[in-house]
Amino acid sequence: YDKSTFVDFTFSQLTLVKISVLNSLGQKVITDQEYRVSSNRIPIKLEDNADGIYFIRISTNESSFTQKIMY
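All residue numbers for the sequence shown refer to the numbering used here, where the first residue is 13 and numbers rise by one.
By construction, these hints were calculated from the structure, which means they are not laboratory data. Careful, some of the hints might be misleading.
Here are the computed distance ranges between Cβ atoms for each label pair [unchecked claim]:
| no. | residue 1 | residue 2 | range |
| --- | --- | --- | --- |
| 1 | Ala62 | Ser24 | 37 to 45 Å |
| 2 | Asp60 | Gln25 | 30 to 38 Å |
| 3 | Asp63 | Gln25 | 31 to 39 Å |
| 4 | Ile54 | Met82 | 13 to 21 Å |
| 5 | Tyr83 | Leu26 | 26 to 34 Å |
| 6 | Phe21 | Val41 | 19 to 27 Å |
| 7 | Tyr47 | Lys80 | 18 to 26 Å |
| 8 | Thr78 | Arg48 | 19 to 27 Å |
| 9 | Gln25 | Ala62 | 36 to 44 Å |
| 10 | Asp44 | Ser16 | 15 to 23 Å |
| 11 | Phe77 | Lys57 | 14 to 22 Å |
| 12 | Asn52 | Tyr83 | 17 to 25 Å |
Restricting the straight-line Cα-Cα distance to at most 30 Å, the calculated cross-link-like pairs of lysine-lysine (DSSO-like) are [said to hold, decoys possible]:
| no. | residue 1 | residue 2 |
| --- | --- | --- |
| 13 | Lys80 | Lys30 |
| 14 | Lys57 | Lys40 |
| 15 | Lys80 | Lys57 |
Quick caveat: nothing in here was measured; it's all calculated off a predicted structure. For each residue, glycine too, the CB sits at the ideal point set by N, CA and C.
Start from the sequences and build out the full structure, keeping to the hints where you can.
See below:
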């Protein structure tokens with residue numbers, strides 16, 4: 013059982029993206045990983061974490077958003 017998901021990006025230019033993953037208690041389980049991307053697919057691996065609800069926070073210099081995922 014592979015406990016990973018993918019985050020897909022498409023930007024018009026090379027962009028610094030910061031990704032963190034929080035559990036349902038708001039604790040960071042993956043801390044602020046940075047990537048320089050324009051169009052890419054980044055795996056988010058949660059194999060060391062329990063099944064449950066997680067929030068992927070994705071930030072750039074201009075915006076940020078959070079996506080809820082369930083494992």
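| Tell me, which hint numbers fail for this structure? | none
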